[in-house]
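Undergrad: Line by line, the protein sequences are chains A and B. Under the numbering used here, the residues of the first sequence are numbered 1265 to 1537, in order. Under the numbering used here, the residues of the second sequence are numbered 2 to 217, in order.
To be clear, the hints were calculated from the coordinates, so they are not data collected in a lab. Small disclaimer: the values here were computed from a predicted structure and weren't measured. Quick reminder that beta carbons are idealized off the backbone N, C-alpha and C, glycines included. Be aware that one or more of the hints could be misleading.
[What the hints assert, rightly or not] Now the in silico label distances, taken between C-beta atoms and shown as ranges:
1) 202(B) / 1413(A): 20 to 28 Å
2) 143(B) / 1479(A): 39 to 47 Å
3) 1444(A) / 4(B): 26 to 34 Å
[Claimed, not checked] Not the full set, but computed from the structure, chain A residues with beta-carbon under 7 Å of chain B:
4) 1308
5) 1316
6) 1318
7) 1319
8) 1356
9) 1359
10) 1387
11) 1452
12) 1454
13) 1473
14) 1474
15) 1527
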Amino acid sequence: MKKSIRLLGLFLTAFVLVVLSGCTAGAVANQNIVERVEETENPTLIWGVKADTNLFGLYNIAEGEIQGFDVDIAKALTEEMTGDASNAEFVEVTSKTRIPLLKNGNIDAIIATMTVNEERKKQVNFSDVYFAAGQSLLVPEDSDLNGVEDLTSEHTVLAVKGSTSAQNIREHSPEAEVLEFENYSEAFTALQSGQGDAVTTDNAILLGIIAQNPGYRLAGDPFTYEPYAIAINKGQEPFRDEVNEALDAIIENGTYAELYHKWFPEEEIPDLG
Amino acid sequence: MDFAGAYSWINIRFLLEGLWVTLEVAFLSIIFSFIIGGVLGLIRFLDIPVLSKAAGAVVDLVRNLPLLLIIFFTYFALPQIGIRLSIFWAAVAAMTIFESAMLSEIIRSGLTSIPRGQIEAGVSTGLTYGQTMWYIVIPQALRAMVPPIVSQFVALIKDTSLAVIITLPELTRNARIVYGQNTNYVIPTFLMIAFMYWVVCYLLTKFSKRLEATYN
Chain A
1265 MKKSIRLLGL FLTAFVLVVL SGCTAGAVAN QNIVERVEET ENPTLIWGVK ADTNLFGLYN
1325 IAEGEIQGFD VDIAKALTEE MTGDASNAEF VEVTSKTRIP LLKNGNIDAI IATMTVNEER
1385 KKQVNFSDVY FAAGQSLLVP EDSDLNGVED LTSEHTVLAV KGSTSAQNIR EHSPEAEVLE
1445 FENYSEAFTA LQSGQGDAVT TDNAILLGII AQNPGYRLAG DPFTYEPYAI AINKGQEPFR
1505 DEVNEALDAI IENGTYAELY HKWFPEEEIP DLG
Chain B
2 MDFAGAYSWI NIRFLLEGLW VTLEVAFLSI IFSFIIGGVL GLIRFLDIPV LSKAAGAVVD
62 LVRNLPLLLI IFFTYFALPQ IGIRLSIFWA AVAAMTIFES AMLSEIIRSG LTSIPRGQIE
122 AGVSTGLTYG QTMWYIVIPQ ALRAMVPPIV SQFVALIKDT SLAVIITLPE LTRNARIVYG
182 QNTNYVIPTF LMIAFMYWVV CYLLTKFSKR LEATYN
């Protein structure tokens, strides 16, 4: 009896995992977003954004809304596509919930510091790249690390989940150990506590951390690029094409540059071509 | 570390809002679990053929699953079969499923702790079996159940933090947003939410000890 119950538990676990991996797409997810936008009077677009990541998507407690570069880009794209930025609705996602929510049709698109990679391309479609900062290492001032080439098996690098920064480090210095955290506040605190030797993520974010924390520096030049793109469900290719057109339009009319400067004033606007 | 910045009133108020959601979810779940767990526990206690075995199987199944998995299930799997719950209710549903199994065991052992002889005595004085249960067994059993139910409630308050994974706006998730503002807020914020969890859980434990003392 007990054994069969355990087995049943195992099966249920397997079932949940299969469902989670998004093998079955819900009926709502199959509805054509472009048609829905054209047919409804006041169409809303629902974007999945982060709420705990400064500069990209962070819930502003005083103003009661999520703010950041991702959010502003989503608003600008919504304005391009529906004529009104207030048609954009935002749903908080984490690196674990965003793909299931997209597959279940809870959100129309993910714009949440999500890097394009081959594995994800099997599950979702990506728009053109909307953010491509260089990836560097952040180290304490007195560190002996001066670039990614100095990493050895003695070193631990602290990375953030969801972006491909961890993967990139593994490619550049396969010997180094990598630990992943939910957001970079946690990764940086781990560095302060001596859990690792360097934090790696986009330069834009690292410079923001240095501004808040004197005593830390970048080690060496950027060694790779992290291309962030908007993820859209499979089967929504017309919507992806519209997103790409809208992205071109906001780059063309200067909105993109304006938003980039608003969130990353120190950084040069990257060439997205 | 920036304690003054992390403990601004606006941040503290946001954490307290999170604590309130934590308590709401825990409280609603414990109420629902008491009802469902009560029915399950009673069915198992009464030894009804087939039904008791079935209830036992369900309880054993749920008790041996991690709560995190049940949270994923109610949030991601239920929509696939047409049941769409908000984040709040998905969390309450997951906690209720899990706690019902826990409470059913507490309730069953509470009922079992009353000596059989009392039921026989009750029935021989002319009460029906139902009356014996309702007037004699259940009131005594309830007393024995209160302390373990309160400690289960304390555990549930702490377990609610697992729902951070589905972005339930509870204490731990709100803490993440507070320290997302500034890397110097991380440790002060952890200390503050540790304090908040501790105060609530400590007061409840004290309350349970006092109840226990009054009953004895």
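Undergrad: Are the hints correct? Go through all of them and say.
TA: Evaluated hints:
Look at residue 202(B) against residue 1413(A): about 50 Å separates their beta carbons, and that is not inside 20 to 28 Å. Here the CB-CB span from residue 143(B) to residue 1479(A) is close to 60 Å, at odds with the stated 39 to 47 Å. Checking the proposed 26 to 34 Å range against residue 1444(A) and residue 4(B) shows it holds: the Cβ atoms sit about 28 Å from each other. For residue 1308(A), the shortest C-beta to C-beta distance to chain B is roughly 17 Å, which exceeds 7 Å, and the interface hint is violated.
The interface hint given for residue 1316(A) holds, since its Cβ lies 4 Å from the closest Cβ of chain B, which is under the 7 Å cut-off. Of the supplied interface hints, the one on residue 1318(A) holds, with its beta-carbon coming within about 5 Å of a beta-carbon of chain B, less than 7 Å. The interface hint given for residue 1319(A) is broken, as the beta carbon of that residue sits about 10 Å from the closest beta carbon of chain B, more than 7 Å. The criterion of a C-beta within 7 Å of any C-beta in chain B is met by residue 1356(A), whose closest approach is roughly 5 Å, and the hint holds.
Restraint check, residue 1359(A) versus chain B: the minimum CB separation of about 10 Å is more than 7 Å; hint violated. Among the interface hints, the one on residue 1387(A) is violated; its C-beta lies about 14 Å from the nearest C-beta in chain B, farther than the 7 Å criterion. For residue 1452(A), the interface hint holds, since its Cβ comes within 7 Å of a Cβ in chain B; the closest pair sits about 4 Å apart. Hint on residue 1454(A) is violated. Least Cβ distance to chain B is approximately 9 Å, over the 7 Å limit.
Annotation: residue 1473(A) was flagged as interfacial toward chain B, and the flag holds, the nearest CB pair being 6 Å apart, inside 7 Å. Below 7 Å, beta-carbon pairs count as interface contacts, and residue 1474(A) has none with chain B, the closest being about 10 Å; its hint is therefore violated. Annotation: interface hint on residue 1527(A) violated; nearest CB of chain B at approximately 14 Å, more than 7 Å.
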